[in-house]
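**Q** Residue numbers (my numbering), protein chains in the order written: chain G, 0 to 332; chain W, 104 to 281.
Because the hints were derived from the structure by calculation, they are not lab data.
All C-beta atoms in this analysis are idealised placements derived from N, C-alpha and C, irrespective of residue type, glycine included.
Hints are supplied without guarantee of correctness; some may be wrong.
What the hints assert, rightly or not - Pair by pair, the computed Cβ-Cβ distance ranges are:
id: 1; chain 1: G; residue 1: Ala20; chain 2: W; residue 2: Asn150; range: 25 to 31 Å
id: 2; chain 1: W; residue 1: Val147; chain 2: G; residue 2: Pro185; range: 32 to 38 Å
id: 3; chain 1: W; residue 1: Val122; chain 2: G; residue 2: Pro75; range: 43 to 49 Å
Unchecked claim - Reference excerpt, derived from the structure (chain G facing chain W, CB under 10 Å, subset only):
id: 4; residue: Asp79
id: 5; residue: Ile82
id: 6; residue: Val109
id: 7; residue: Asn113
id: 8; residue: Leu147
As the list claims (entries may be wrong) - Output of the computed footprint for chain G on chain W, the stretches with three or more beta carbons under 8 Å from beta carbons of chain G:
id: 9; segment: 129–138
id: 10; segment: 161–175
So the chains spell out like this:
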Amino acid sequence: MQTVLNLLEMEPIRFFISFGAILFLVLNLAAILTMAERKTAGYIQLRYGPNRVGPRGLLQPAADVFKLFTKENVSPGRADLWIFLGAPIAMFIPAAAVWMVIPFAPNAVVANLNIGILFFVAVTSIGALGVIMAGYGSHSTFSLLGALRGAAQMISYEVPLILSLLGVIMLTGSLSFVDVVNSQGPNFWGWYFLPQLPMALTFYIAGLAEVKRVPFDLPEGESEIVGGFMVEYSGMTWALIQASEFASMGLMASINVTLFFGGWQPPLEFLDLGNFNWIWFGLKTALIMFTFQWIRWSVPRLRMDQLMDLGWKILVPITLVWLFVTAGAMLVF
Amino acid sequence: MIVAFAFLAGMTLVSAMGVVISRNVVHSALFMSGSFLGVAGFFVMLNAPALAAFQVLIYVGAVTVVILFGIMFTQKPQVRRFRTILNAQRWAGFFVAAGVGAFLAFILSIQNWGATSSGNGTRGVAAFARNLLGVTQGSEIFTLLFEVASVLLLVAVVAAIVVSRRKTGEGVDRGVEE
Chain G
0 MQTVLNLLEM EPIRFFISFG AILFLVLNLA AILTMAERKT AGYIQLRYGP
50 NRVGPRGLLQ PAADVFKLFT KENVSPGRAD LWIFLGAPIA MFIPAAAVWM
100 VIPFAPNAVV ANLNIGILFF VAVTSIGALG VIMAGYGSHS TFSLLGALRG
150 AAQMISYEVP LILSLLGVIM LTGSLSFVDV VNSQGPNFWG WYFLPQLPMA
200 LTFYIAGLAE VKRVPFDLPE GESEIVGGFM VEYSGMTWAL IQASEFASMG
250 LMASINVTLF FGGWQPPLEF LDLGNFNWIW FGLKTALIMF TFQWIRWSVP
300 RLRMDQLMDL GWKILVPITL VWLFVTAGAM LVF
Chain W
104 MIVAFAFLAG MTLVSAMGVV ISRNVVHSAL FMSGSFLGVA GFFVMLNAPA
154 LAAFQVLIYV GAVTVVILFG IMFTQKPQVR RFRTILNAQR WAGFFVAAGV
204 GAFLAFILSI QNWGATSSGN GTRGVAAFAR NLLGVTQGSE IFTLLFEVAS
254 VLLLVAVVAA IVVSRRKTGE GVDRGVEE
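One chain only, chain W, in its complex shape (with noise of 0.2 Å):
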């Protein structure tokens, strides 16, 4: 158990500190990868297997390859190093980290693990979804709260489609001559 997690816990920092190391856009995207892969680990360390497979297919499989898909249509294949245009923050940043670092230790140190356990979470996907959707006499701003979000998701992708349509009268481009 140490022993994943600690394998988990460096392969998740360890492709952090690639993210913002590495001098390359798709370097950092692909270790973004690795990052949420390990954190996908720990949920399933935590008795949280529903939420490891969200984990990997939203982060891994769509945002991450979102970005890379992006990186590629955006930049020009041909440069090879996509140099990154935050250097010039990088005191302020480094500030940043370490008061948040900081903060962090502060509040995990003062807190009293006694009683929490990777055991005590919910465990299966069938309570998950009851609490979520307030079939049990759980409370029910989870089922409002997941009503919003999707409310809000319908609304970006109408917006999307919005934004994105041609007027008409511009011709009718259907990309077949690429």
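Next up, chain G with everything else stripped away, as it sits in the complex (with noise of 0.2 Å):
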């Protein structure tokens, strides 16, 4: 038995294993959330929601799942084929990818990079990349305004994604995403949202854009252009842009308790559940993806010079200030 361990725990083996059930996880969460997402419409609208299939209509996602296994793949007569069909692939691994740097409990991560934060910015930002493949390669009006919309967003929001991560930066000292948990005290009011609560709005509302979520969602606009940059898809390779769209999803919502929310650290000191803090973690993640299915079931879309006001003219500048704050208090204390 301890022999297994042994192997188990030897570099190769251990990257491989972990990145394995790191997708899993992946997989299983995009599918779980499109079932919460319609029970919170369900019970926001009042109604049941999905119901049929399974206890409380629990086992719709399996349902889901092989119908659009068994679906034709459809692609326009004159797509590009390859760049219509790579779209979701270069659209799913980036938002996969960035899950091996989350540390889920104490000693629980992938890899622990020394320069995580730049590796999550880094990589989510060639998502706006399939965006734009997936708008060209479906040789649609709809799915080409749809991709310049979202690359004009993520371009667009990516600037105050990145400077709301500053602060937490400077506090901290360090990339790594390990040390940022590690320096959040185990009580609640050592979180960094509270010395950066505008930091940690600007963040959230900026990686909501950036995970395309209503009210930012103009990229895929349902009611003006029907589906946006995915409207040519269908069968698997819809399922797999819509598994890219929940997977980053649930990783912004992860990254937002592990940057402001204390990462796997308890809310108070005496709840400490060592290597299963894990819970907390979850639990706190499912709180933010909650938050941000409640904010979809209830305001409307934003408007094209709305978004970019709000980018630019009150995101940019608050996380400007906040960081000569963050600094003047550093250099203070």
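Build the complex: two chains, separate frames, hints provided.
**A** Quick look at the structure:
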């Protein structure tokens, strides 16, 4: 038994096993989140949501996946086939790969990169490429419009997103997510969302825009451009796009928790669960994901000019001001 | 290690060939991102993960995306084949490329690579930042260059605002009617 455990801890084997576990988690997260999304929508709109498959409709994701697997994969006749089929992959791989650097519990991280935050920023920026590929490859006007909106939105909101990380980086003095979590205390008043409240809010809003969710779902824009960059997709390619959307939504929630809400740290010191602190991480992340869904079913979509105004004229100045406040406070104290 | 190197080299070179050969500007731009990703992989192999992350962030995530964005805004999206306009210079281009290749091969072959290994470079982000910002008793020229670069970027941002600003009296166009 002990030899087996030692073997599993050896470097390439440990990495591949834990990466497989991450991939399993991400794909299941996507399936569960579609279910949760529809249930939340149901309860907010005073109806039940899916309740036919399994007890209280809990097996609905399995039925969805089965349906999507058996569905034909239609592509438009004049589509640029390589780009068309490559786009879902280019969207999913970045969304799944960043999960590597998230610490789920003490010592439970696939790769403790010393540039973890930089890695997150760099790899999520590839996602915009996937959106453009989907929009161009589909050879459809709606798709192209959606892709242009998506690219503009993701480039614009990357600026406040990155700027809002700088406060935490300054306070921690490290780019590693593990160090960021360790430097936040085991009580909730030691977490960074209190001294960095404007940054936390900015990161939340910019993250929401970065994963293209309501009220920032202009690239999808169901009621105006019917589905935006993913209008021509069907079957498993569509499912992969959805999976990457939900994976990046979960990712944004977990990064929110890691940077500003203490990661796996318990809210009060006596609630420390040791190696089972991933329960706290999961609970906090689920709460943030629920607020994402709550916002989705409560708020209307922004206009394009409002979107740009919010990003450049409100969020960027807030982060810059708070950056100076943080630097001044660190200089004084 | 050698497998990873061969894979990255193949990815970089094939993508770079694709940039030149492909007849479609969008394909060229996407191939370019593949080439940039290969270079980022080389930085990881050389123990410079920070450089790799910056390579991905700036070149793949920003430069390529902005290039694609520009292509899509300036060309009619209905036109499938964006003909490249530089084909008339193919022989001149061939000779320049061959000359540069021969020169680089010569330089690389006379260099003694014995003392250099991937482990001798700056390893951590911290050491990199200290060198860049001149915190330790290193040369402070990098700090000066760093500041000059940031001033240059600031000037570029201000200039972009000045160039793109509408003159007063042209009417308030907020782009709503799009």
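**Q** Run every hint past the structure and note whether it holds.
**A** For each hint, the structure was consulted:
no., hint, in the structure
1, Ala20/G to Asn150/W: 25 to 31 Å, "holds (27 Å)"
2, Val147/W to Pro185/G: 32 to 38 Å, "holds (35 Å)"
3, Val122/W to Pro75/G: 43 to 49 Å, "violated (26 Å)"
4, Asp79, "holds (8 Å)"
5, Ile82, "holds (7 Å)"
6, Val109, "violated (15 Å)"
7, Asn113, "holds (6 Å)"
8, Leu147, "holds (6 Å)"
9, 129–138, "holds (count 4)"
10, 161–175, "holds (count 9)"
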